[in-house]
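Asks: So you can see what is in the structure, the chains are spelled out below.
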Amino acid sequence: MTSIAVNNRLDTLFAKCRAENRAALILYLTAGFPTAAHTRRLLPVLAEAGCDLVELGIPFSDPIADGPVIQRASAVALDAGMTYPQALDMMSEFRRSHQTPVIFFGAYNPFLYRGMDQVADDLAKAGAEGILAADLPLDESGEVRDVLASRNLHLVTLVAPTTPERRLASFADQCTGFIYCISYKGTTGTQEVTTDLISDYLGRLRRHLSIPLALGFGIKRPADVRTAVDTGADAVVVGTALIECIEKAIAEGADLEKTVFDYVSSLTKELPRRR
Amino acid sequence: MSLAVSPEKTFVPLDQRPDKRGRFGQFGGRFVPETLVQTLMDLEEAYDKVWADPSFHVELDTLLREYAGRPTPLTRAHRTEEALGGHLKIYFKREDLLHTGAHKLNNTLGQVLLARRIGKKRIIAETGAGQHGVATATACALFGLECVIYMGKEDTERQALNVFRMKLMGAKVIPVTSGTATLKDAINEAMREWLATCEETHYIFGTCAGPHPFPRMVRDFQMVIGKEAREQILAREGRLPDHVIACVGGGSNSIGIFHPFYDDTKVEFWGVEAEGKGIPSGEHAATITMGKVGVFHGSRSFVLQTEDGQITPAHSISAGLDYPGVGPEHSFYAESGRGRYVPIRDDEALAALQKTSQLEGIIPALETSHAIAQLHKMAPELKPGTLVLLCLSGRGDKDVFSLMKHIDLK
Ligand SMILES: Cc1ncc(COP(=O)(O)O)c(C=O)c1O
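If you read the sequences in order, they're chains A and B.
Just so it is clear: in the first sequence, position 7 is 7 by the working numbering, and no numbers are missing.
Just so it is clear: in the second sequence, position 32 is 32 by the working numbering, and no numbers are missing.
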């Protein structure tokens, strides 16, 4: 159990959303996709269009939790020379102009290779709020959680539809920031979110967890955001659809900033709660 | 029959490995997306129960004996001994004579029996050389289970014969084009599928890597190699071997033959990795020799990776060793000094394959040929009377097509 309380921009965000009676919009963006320059341009656009929190994807050579779209984005970014130190640079640059919370999102290995103490220092210095490592489940995460907490950073944890109710108490004990609730079994961006799929699931989680619940995987359209918000999610995560939006704008030679801004704005409209 | 454990034993006793968290020292563990965690916990629990159940062992042992052809023979390699100078005694443990031609069936029969007991009727697996795919397809055919095999596109071409065998036995083979289109990518794709189907489907991991409980389970099912060999060599020679040599891809045949000798600390283990075109070329699969500790495919172990923590594609002439990871128990043996891990190049393996074919009338698999090449390499330094046990993990029939590209027989 984490003894050190973490409180940073991420916690302020969720407090603010609660006060405003709305859900938060979290966007996943693969760092360096299709190039580092694109990410540098797009981070401010996301923030200005109303994104509440950015998951900056650290590309990995062997992303097992990702569907074809994010796999491709990672491969393109790596081919274009994206690295973890460059992601830190982007982070620092973004933090100089914007206060939107950011967590680094990726496979555990690139963080581990760097060393978790070093990662915690790096992120604190660059102004990020935490990390999420897709293959670092709760039972393996104790040490990492403590190291990050000692620098006032969150280790955001995943929960899945296959997580049985009897294990939720340990999530309640250990998780900070928010919990990322995977909406279906499978990889990112490969299924649709429906009320039927998520209502029992979110209800079950809510009975045990008081920390903000972010629903992710399969949320693409404004209507999906509405479904998630109406079902009680405190935040929604959109990833695959943002990558597809970027791919499409580039392929069609459209104005990238405007296309992304418009897409993100269409999602933010659905964040307010109806009750 | 057994010999007393040597008194100067300094290594951690067997029964403590792995611990409850699936750790062998700092290695192992269960580093998977949360979606799979409960499935793996359930599998571990089911496996513990089954392994402690005598009726399971009766069922498995009967299958191994009456269907798979166990025990496999221990063959004295007379002409190899002569060619190496006549000072050594060399025994081959003949897993090439197991049904389907490699050790892989020991594991798939065990896991299919387990899958049946936990009520899973659909099986997925990855394969590199195709031997594990064939062994999985075989066990599934035997029990009428649906079988889907993920295989890197490059490997489906290198090992076309095995693809045909799998299909002939009713398996569906899915060529994987992502990443480097080899074994690691086949595992990625099988894992991705399993994220969606884990509640109905059992994933038969083919080597002693992956998340807990696979490293332990695969080892336990492969341990029959070493248990038999230990008894056989004691019966023949009245003593234990001085050296045990085996090739290491993910490490299942090697852990299977090493593990039962773990407490016999005078028995030296040699794990032979693929050096591909040579370490300086960067094109190799010498994971323990050149890798750094990382987390890959569910466990903490040595991994070939870049300075940025990205996995480096491996290279080996043999598809079954072409893997940038390695089982955590081997990393533990390497770090604690219990085993030694050495690299052998493509050309050295090819030469050993030809030599063994001519000297023994045994065409070994390219994977196995790495172990034999290591024996050839170390022979001059061994004292007269040294007793060597080598795991002949598989036969080379599957490699014949690709061998024809490398060997000119005139
Ligand atoms: C004959 C043979 N030996 C060895 C291996 C390597 O696997 P492992 O290290 O798990 O024994 C393979 C893999 O396909 C194989 O077919």
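The reader is advised that the hints may include incorrect statements.
To be verified - Straight-line distance between alpha carbons at most 16 Å, and here's what the computed EDC-like set of lysine to aspartate or glutamate pairs gives:
hint: 1; chain 1: B; residue 1: K89; chain 2: B; residue 2: E335
hint: 2; chain 1: B; residue 1: K266; chain 2: B; residue 2: E283
hint: 3; chain 1: B; residue 1: K377; chain 2: B; residue 2: E193
hint: 4; chain 1: B; residue 1: K383; chain 2: B; residue 2: D242
hint: 5; chain 1: B; residue 1: K292; chain 2: B; residue 2: E360
hint: 6; chain 1: A; residue 1: K185; chain 2: B; residue 2: E200
hint: 7; chain 1: A; residue 1: K185; chain 2: B; residue 2: E199
hint: 8; chain 1: B; residue 1: K172; chain 2: B; residue 2: E360
hint: 9; chain 1: A; residue 1: K125; chain 2: A; residue 2: E165
hint: 10; chain 1: A; residue 1: K258; chain 2: A; residue 2: E270
hint: 11; chain 1: B; residue 1: K20; chain 2: A; residue 2: D139
hint: 12; chain 1: A; residue 1: K185; chain 2: B; residue 2: E193
Derived from the structure by calculation, the hints contain no laboratory data.
Asks: Next step is simple, just say for each hint if it's right about the structure.
Replies: Hint-by-hint comparison with the structure:
no., hint, result
1, B:K89 - B:E335, "violated, 29 Å"
2, B:K266 - B:E283, "violated, 34 Å"
3, B:K377 - B:E193, "violated, 42 Å"
4, B:K383 - B:D242, "holds, 10 Å"
5, B:K292 - B:E360, "violated, 38 Å"
6, A:K185 - B:E200, "holds, 12 Å"
7, A:K185 - B:E199, "holds, 10 Å"
8, B:K172 - B:E360, "violated, 36 Å"
9, A:K125 - A:E165, "violated, 38 Å"
10, A:K258 - A:E270, "violated, 19 Å"
11, B:K20 - A:D139, "holds, 12 Å"
12, A:K185 - B:E193, "holds, 10 Å"
Hint compliance for this structure: hints 1, 2, 3, 5, 8, 9 and 10 are broken, all remaining hints hold.
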